[in-house]
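Undergrad: Fit chain P to the given chain D structure using the hints.
Top line first, the protein sequences correspond to chains D and P. Note that the numbering used here has the first sequence beginning at 1, numbered continuously upward. Note that the numbering used here has the second sequence beginning at 1, numbered continuously upward.
The reader is advised that the hints may include incorrect statements.
Claimed, not checked - In silico DSS-like pairs for lysine-lysine, Cα to Cα no more than 25 Å straight-line:
| no. | chain 1 | residue 1 | chain 2 | residue 2 |
| --- | --- | --- | --- | --- |
| 1 | D | K127 | P | K20 |
| 2 | P | K19 | D | K132 |
| 3 | P | K20 | D | K132 |
| 4 | D | K99 | P | K9 |
These aren't lab readings, by the way, just hints derived from the structure by calculation.
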Amino acid sequence: METVLDVKNLSKLYKNGRGVKNISFSIEKGDVVGLLGPNGSGKTTIMKTIMGLCHANEGCVSIFGNDVEIDVEKTLQNVGGLIERPAIYEHLSAFDNLKMMGRFYSNVDEARINHVLDVVRLRQYGKDKAGKFSLGMKQRLGLAMAILSDPGLVILDEPTNGLDIEGTVEIREVISKMAAEKGTSFLIASHLAFEIEKICNKVAVVHEGELLSFESIEDALRLNPSLEDYFLSIVKEKRGSVLI
Amino acid sequence: MRIFTASLKNELKKIISRKKFLVFLIIEIIICLLSGLVQLVISKASSGMISTSLVFSNMPMTMLAFFVQIYIPLIIFMATCDLFSGEVNDGTIRATFMRPVSRFKQYFSKIFAILILSGAYLLFLFVLTTVMKVITTNSIVNFGQNFLAYSLDLIPLFILILFVAMLNQFTNSPSLAFFICVIIYIALYVIGILVPIMSGLFFTGYLQWHNLFLGILMPFKAIIIKMGILISYGMIFGCIGYYLFERREV
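Only chain D is shown next, with the shape it has when bound in the complex (with noise of 0.2 Å):
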């Protein structure tokens, strides 16, 4: 299988001494990858460092065999991201924002600005201005700008956060048939259990800033009636370690 993403021994501290630690995980061609950690575990922080947002200050991140601190240009080319909120211009259409950032891209044209409009279901509201757009629409035009390229790895930073029942579901299914039909890799990060189990097949849990397993959720629900129970004890067994 081919690795779409290497992430080796990856610190990021921040000024406060908070950040993650010692962080190693691969990804694979096809995967949906579930970084599951409560808020402030440093699953942004992870994303943000292999995207290039911050300087991760010891390890490397590789992405389709480049570096994204060496060339940003190339490593960057085959990716995707919704980080935190999504990165829209109010001032300027749905349309607008993914034209502008669609220049970036040989393989972006009007057809496929459009396309990407229905697959998000915000096709009749292009023309319309982003800052009027409710928070689900909004994440949905995050999410158009992520998919806009049809990278190979997309990275997804709770990506159903202020999306109605449909919309949640509609967001899973791009992302499985995404996956499915061309081999996209997804990192998908969120607090919510239940999220990662339907939608991917490899978890990673992050705890404090460190990375306490990464595996199949298949292997995961073997020992466990659901992800939240193997959370759960995957974070008491390091408490346990602390405290002994």
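TA: Same frame as chain D, but now just chain P:
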């Protein structure tokens, strides 16, 4: 080059889509018309002692002095704060940081977009004042010289943009960045007036760059020294600003 052009187009799009820059263009027209009106009134009041054609023949240059030192710097402060600290503040900078474009290209495409904006305001001012001059004097004397003066004044404005962009890297708040830019600019400008010997050391003293080349010619050596000072300022501001932008975490 394709990526840089794409980034430049994006930055221009962001600027053009903000209505305030159109409003500033309208204000520019109003200032020119009001200035012309005042000069007409003065000419009439002096019963022809101050001739209308004399006043209007020099209009492109008198307006240039005001715009290049006060009005366009204000627009530069605003545009730079929007494109740098403004984008960091509202998180939109991440939209481009996550794209396959190096921060070097992002930084300098923003700088060039603001330079193009400044150039557009200057060009518009030149056309407007020249039209007013032609209407009132029926002459296009000094057309080439005036155009050259306007073009030359873009050079110190470029250094000013680099300076403001550098200042913007120290804060995430666009309003604070704007305030700091205005205060520092006023301070440098006032020091340059109160202590004339210092004005040659500050880049703000070179905003009317055309004075070095047009009219009474300065010695070649003095021009070279002043060019050296301005280029040095540009290199320092450009390097520090880019370094801080490159290391920025959002």
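Undergrad: With reference to the structure, classify each hint as holding or not holding.
TA: Status of the hints after comparison with the structure:
1. D/K127 <-> P/K20: holds, 21 Å
2. P/K19 <-> D/K132: holds, 17 Å
3. P/K20 <-> D/K132: holds, 19 Å
4. D/K99 <-> P/K9: Cα-Cα ~11 Å, so holds.
Of the numbered hints listed earlier, not one is contradicted by the structure.
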